[in-house]
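Below are the chains, spelled out letter by letter.
2 protein chains.
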Amino acid sequence: METVDTTERLRQLRGLMKQQKVDIYIVPSEDAHSSEYIAPTDARRAFISGFTGSAGTAVITQEKAALATDGRYFNQASKQLNSNWELLKQGLQDVPTWQEWTVDQAAPGDDTPGSTVGVDPTTITAPEGRKLSEKIKKKGGKELVAVSDNMVDWVWGKQKPARPNEPAKVLGLEYAGKKYQEKVEELRKELDKKKAAGFVVSMLDEIAWLFNLRGSDIPYNPVFFSYAVVTPTTVTLYIDESKLKEEAKAHLEGVTIRPYHDIFSDIAALVKEQPVSNGTRDASSKPKRKYLIATKASWALSQALGGEENVDEVRSLIGDAKAVKNSTELEGMRQCHIRDGAALIEYFAWLEDQLITQKTTLDEVQGADKLESIRSKHDHFVGLSFDTISSTGANAAVIHYSPERGNCSTIDPKQIYLCDSGAQYLDGTTDTTRTLHFGEPTEMERESYTLVLKGHIALDLAVFPKGTSGFALDTLARQHLWAHGLEYRHGTGHGVGSYLNVHEGPIGIGTRIQYSEVPLSVGNVISNEPGYYEDGKFGIRIENIVMVKEVETKYKFGEKPYLGFEHVTMVPMCRKLIDVGMLSSVEREWLNAYHKEVLEKTKKFFERDERSRVWVERECAAY
Amino acid sequence: METVDTTERLRQLRGLMKQQKVDIYIVPSEDAHSSEYIAPTDARRAFISGFTGSAGTAVITQEKAALATDGRYFNQASKQLNSNWELLKQGLQDVPTWQEWTVDQAAPGDDTPGSTVGVDPTTITAPEGRKLSEKIKKKGGKELVAVSDNMVDWVWGKQKPARPNEPAKVLGLEYAGKKYQEKVEELRKELDKKKAAGFVVSMLDEIAWLFNLRGSDIPYNPVFFSYAVVTPTTVTLYIDESKLKEEAKAHLEGVTIRPYHDIFSDIAALVKEQPVSNGTRDASSKPKRKYLIATKASWALSQALGGEENVDEVRSLIGDAKAVKNSTELEGMRQCHIRDGAALIEYFAWLEDQLITQKTTLDEVQGADKLESIRSKHDHFVGLSFDTISSTGANAAVIHYSPERGNCSTIDPKQIYLCDSGAQYLDGTTDTTRTLHFGEPTEMERESYTLVLKGHIALDLAVFPKGTSGFALDTLARQHLWAHGLEYRHGTGHGVGSYLNVHEGPIGIGTRIQYSEVPLSVGNVISNEPGYYEDGKFGIRIENIVMVKEVETKYKFGEKPYLGFEHVTMVPMCRKLIDVGMLSSVEREWLNAYHKEVLEKTKKFFERDERSRVWVERECAAY
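Those protein sequence lines, which keep their order, are chains A and B.
Taking UniProt numbering, the leading residue of the first sequence gets 1, the next gets one more, and so forth.
Taking UniProt numbering, the leading residue of the second sequence gets 1, the next gets one more, and so forth.
Relax, there's no trap hidden among the hints.
For identical chains, the list gives no copy identity; a pair is met inside one copy or between any two copies.
Heads up, simulated DSS-like pairs for lysine-lysine below, C-alpha to C-alpha not over 25 Å straight-line:
(1) Lys288 <-> Lys139
(2) Lys377 <-> Lys604
(3) Lys537 <-> Lys560
(4) Lys194 <-> Lys466
(5) Lys183 <-> Lys195
(6) Lys195 <-> Lys135
(7) Lys138 <-> Lys193
(8) Lys601 <-> Lys576
(9) Lys537 <-> Lys556
(10) Lys138 <-> Lys194
(11) Lys142 <-> Lys288
(12) Lys21 <-> Lys139
(13) Lys194 <-> Lys135
(14) Lys245 <-> Lys169
(15) Lys135 <-> Lys288
(16) Lys272 <-> Lys139
(17) Lys137 <-> Lys193
(18) Lys194 <-> Lys183
(19) Lys537 <-> Lys554
(20) Lys64 <-> Lys138
(21) Lys288 <-> Lys138
(22) Lys64 <-> Lys79
It should be emphasised that the hints constitute simulated quantities derived from the structure, not laboratory data.
What you are looking at is a predicted structure, and each value in this text was computed from that prediction instead of being measured.
Build out the structure end to end from the sequences listed, making use of the hints.
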């Protein structure tokens, strides 16, 4: 991690800003699709500031430059930013948010005239753009203007990586479980219910899901750059045509293919064709139907459709549909997690052998590499679903830790080892965390591991009526830690895609208020991952993927279904870290049943692998 | 419950509507203070419609009249409404809300011109008024107008009961625990933090709390009709001066007393004195401070202050302060619950004796009357805190059941008996529910009672970090019922006043989203009342009042306090209804400790009451 000299970049950018009459320029870290991971070509904020963390916003004026990021990245940012930059530590008291900082710059008060703020409208969402625009005006700034040509791209010039142009490949029905035509028809039914003119699809994983196509334009996420528009009579995919080979073109019969960037002019024309009323009643003409976009769609899309008044921003209809997996996807999830579990078991058995028996010195990345090579031997393996968190001792307490190749810690067999990893398979996406100890854990390590495990089991065993949200279930995973005065500062569960993004909405288990708005439904796939982190010492997380299913209950009050979870992750818990005396009889029974299932489902992989077989049998022995 | 002939009332009202050029008139059930219980003089909706339930809204046009109410009152409303009325069953599919019905009437479409809708602006809140106004305009209706003179009052004429004029009495510092001057100073600090010009206090219990005064203008609620305005330099109480005797006047030294109805003209004048800016920056003058009102304040107050742009609607500052009881109030809560517990024990012992030994026939109201007479003998008793729910068998399944004098069921000793009751004492407010059986409960009754008890215990034992809301804890009370496919359709806990309203905000335990916005704090007093209801058969509810306290935990992650509950209700659980085999060892320990505490704290009341002593000792015996 080196400091980057951004002086020349900033000088050029400021020159452009003057030409464009923009006093303040905002550079968010998002791409045009609100992707969680971005392609190198979209890493504009990293280019202009030098700071390469995943989250942060740069704001540049003629005199100043500020970079805002959150607690995960304070260290990294202060190393990477040179003296041109002011670091806004988001979340600390008395530190302005980047929006506040921007507004303060735009409206300095006294007799100074207000400033014009510019942003590439594809890089912020419509609600964000609107909110910021209002604040700027309210405080006496001039306005927020949408600058279509990204000014950082101009500065970046020829050095800027090309937009990836990997092919979008057809995902067979044996994996997708439903034809894209059916998905389109179901979407149209939703459009009709909502009396909408159409849905403009902006999230890359939603487009991949809708068309049963997968790409590789973004690391770890099998998506491809595109937009789509679905109306009651048309389906249009905006994509660089060279990404579509013969098979994909044949598969997309009936879909109009248009160039990626034409989305903006096309939807602007669509809206003009069908003028949208402002809602007032008129005896001669009924109010026209509006187009829908997701709340995470860009400001640029909203503007192309005629702005706030003419568009309805909704929780994505496709996001909702995609979160309910069909039976093929659910079975794929089961199968890929068995293979993935076998890979993790093989890796942990190897690691223990290396560290304890062979006394080999291994660093965290060497561990991660070995795990990847084991995974890659398995059927349907495509790649990893995120950067493996392979962390020893105190590193495990850094929740978003990622070991740096050639510059990471040696795995200490006397410390806790936390491994959070996952892969993309044609039949599903995996995400598993196990925390291990190869030596003698401390009392506190065993105690907190067991409390995390109790929370994990409580959530796994939860039964709840249809309509219950992940917000309401979160406490079940925390209750035992709380009783000991312990807590973890992250959510308990995120939705998981089917051979798609490892994090997907709209469901989640945690205290984010939006989780309270989305009930868990049969077919949802979500993680169960409570943890505990002792700064500078150790970290614990236990993560399984679970699927929401209907469960049998003795009674059935209100004639509505009662739901529960089916776990698909098949990796034993860590025997050395469990204080079995702290488990209730119900919890012990759960653990024994789980281990029995893990053993049964994975043992076929170890018929000729003595080391793994011995390891998994030992770890899965009944209490 | 008889049908009321509203023909003449409606004829007169419609005549007035024509005079006032109002096409549609809305009659909500609220008084000018958003009170949960109202005085007879404010029962305008009941007068005009004939329907006397606690919740509902009447909407009258020249041709039609509609009464909207919820599931609790469908039966009662259909009995009481005559053929002039259409019943809008709120919550049923395809039934419009009263707002939708109103908008449909106001904007019939085609070539019909839109209508003017009128409402007394003191009877709806500002956000409600605004929302309805927007909907009416959007759909093509004319507008919502505030009609200051209530038209139902005109029709009611001399028959209308007078506004109660009971004295407001001083509550001694030995009960209130903090001088009103201190409360005003603390409020001023909050005003300063919020940079506000002042707070207009509209809720009656907030005014009673702020000034350490108690009244009796509304049944069960020790409040008095009034408004108040607190600014950085003034305190004004708007009240009919005849309600203030010498002692109260002396107590209110430094408070300006003004007539009740003058609030509107006074605050309008206040705002004119200090013109409120629209927030734009101006080199010559800083933005002026705005007045605050609670989100539950009336549209009339908001309008008097200059409307939405000039007022900040907030969660009431006093509501927040009032919910955190001081140590005197907490000790009062403990003490009054011991006396109240003794009263309930004496009543239950008497009831069992009457029903089983004496074989007396008693109806539900006779039971409630006996309980009131026992309570009234206790120190500091003032009155009941709500209408006693004394319900036998299937009546117990009606969550808001209230037995009608002379027309209620006989208490059946072979059925479940549910008693939800409470009282006002000078040192606190009580609210307790116990479910009993005097004969042989069914297996299902014992099972569901025990599941409710397990949920009650789980919540009582909960430990949670500071910052946790009642929304997050709700699931703990439901989890055991859910596991059996059972559920209850009401919240788990409500805030309780200190010799004030038995229901108070802003805290609560339940699935209402606003509960997620208010963390539980040390000093909060709240109910813990899970239940289960089998329609037509039986009902179960177990309710204790608990106080939020800081608890010792083994660790203390994040250096923040961990909180838990102290229960103050002292009445045994029902032995016959507990299936002790379903309890975990932790739950059994809790139950034994609770019963031991009940016995110790209440036994002094039974030194010369053999029947109660024997009963409570039997019920509290250790398992």
